[in-house]
Amino acid sequence: MNKNYQELKKVMYEARTEEFMKKVKIVKEIPWGKGHKDLFGMTQHGKSFATMQTLGRATVPVLYFNTNGSKVTSRFTQATGANTKEQIEMGINRGKKINFIPSTKPAEFEKQLAALTEIVFEKERKMFFAIDEVHLFKKEGLQALRRIATAGLGRGYEGIFISQRPANVHNDLISQAESRVFFNLEEVDRQYLKRQGIPIDEMMNQIDRHHYLFSIYENGQVSGPYKIG
Amino acid sequence: MSGTSINDLAGIQPDASAVHEPVESQEAHAPQGGLGLNLGFLKATTGEGELESYTNHPLNFDGKKATSRILRGMTGLFGSLNFAIADIMIGFMEIAKERKIRGE
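Line by line, the protein sequences are chains A and B.
Note that numbering that gives the first Met the number 0 has the first sequence beginning at 0, numbered continuously upward.
Note that numbering that gives the first Met the number 0 has the second sequence beginning at 0, numbered continuously upward.
Chain B with its partners taken away, still in its complex shape (with noise of 0.2 Å):
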């Protein structure tokens, strides 16, 4: 689309190494040849922070050390709680606790 850029509109000529990496556009990309499966992930660190700073997240549904220890690790790995996939390992938790509780 034709128009005006804001770096225009601002008298910028920013450098493109300056601008921040766009979040959104990252995509996972499979190294080249064999199964094509990378475990790098693995030795992701942990999310930062105590653990009782993670005891009153709004995802730690049950206020459990325990938890706090899942949501930490899922912070290093994800890099922020602020995913679908966290969400939905949370809700899996969250069933297995009601269903624990019910005694099925």
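If we strip away everything but chain A, and leave its shape as in the complex, we get (with noise of 0.2 Å):
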């Protein structure tokens, strides 16, 4: 009985999995518009697999603040702080990837930040400007965070802010992005994106915990699920 009742339940689950999956959207790359954008997850539900998908694919140069040292596709090219000002700038003015590891200490990776910042700004031109980790700026890597949601866009520059602790993420980076895409998030953080107005009940329930899937909100207009294939 016991067994029959562990099979049903199981023939059901993998039912509704089914017919919920039929909902899925798949696509490419995140279908996000243009401005700024919040990317925000839990870790190991997709949120890195995704970027490096999105950005690996995109026609403009990218400068990505790799702050957890994370692996990248081979459309990216690889800098540290060992790279000089004038490097950076000829791998941009000829539309690279750049993925640019930091330094492993706060301190270190937040004035790399400040300085990269400065490079990016000394000229306009169309980019997208990618920090992975963006609650863990606090000081002059908060400041140049504030300076590209407040006046990246002026220049040409798109920011990308990637988090998996929306609760912690300075409520410039949340307020000044046109595009909110989510993955599955912890509820605390939840709470919080509610708070500010966001209906991530909703976008939530659209991805009903899977991994890999993804809710957007642009426009005040909630869409999907997403996934990328």
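Take the hints with a grain of salt, since some may be wrong.
Within a straight-line C-alpha distance of at most 30 Å, the following computed BS3-like cross-link-like pairs (lysine-lysine) qualify [stated by the list, open to error]:
# : chain 1 : residue 1 : chain 2 : residue 2
1 : A       : K24       : B       : K64
2 : A       : K22       : B       : K99
3 : B       : K99       : A       : K21
Since the hints were made in silico from the structure, they are not lab data.
Hints are included, so try docking the two chains, each in its own frame, into the full complex.
As structure tokens, this is what we get:
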């Protein structure tokens, strides 16, 4: 009896999952619009994969501040603090996708982000400036992030602010974003986003805690669920 | 190329050991002597997470548990599925499945 019940539960779960997955839209990259973007989600839920697939397909230069030292695709050119300002500028001017691996020490990676922001802001140009784990920046790095969020668009830069803890992200980085992409989130982060007026319950119901699924909130509208594939 | 490094602009003197190992510059080196065959990869630990977490992975083309198991193993072997070899292996699996469906 118990075995039959377990089998029935399994069949019902698989049927429900199959039915649910029919609603998922398969996309090659995150279908976000123009402007700054937020990308939030718990670790191991597909955030990095979606970021790499999307940035890898970008038609403008990309500067990816890889705070965690995550693996990237072969489309990226690696850079570190040992590279010169001229090398970084040349890479951007040539349309490269730069994977900047910063120091592991918070005091140092804050300063490295601030230095890179100064370089980027010297010229107007269309590019993506993506920064991972934005909730970790507190001092010079946070000032740089806020500068990107409040003044970057006027210079042509679209900031992509990535974090697994949106509750610890500065409000400017959320309020200035045109597109917000959400993977599965912890309850404390959901409550925080709800207080910001984001319909997070509806978005989390859309993805139903599945790994690799995400939902987008843009121009007051919710869309999804999506999956990169 | 001459010029001011990012670290100099940032006013820091980083400890070289504190920088992440450059992922793309890692190259496989054959051991000295013998046939140069290193089977150490056979002891690689499988990837993290439950099988269910791989069900919806973009490379899980059929959503089956067996494919989830293969993806988890490949994650442990390669560290990530963002590699050409993973695409090639999954591609062969898809071809094999399509041939089976067509009865070839």
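- Task: Could you check the structure against the hints above and give me the numbers of any it violates, in ascending order?
- Result: none
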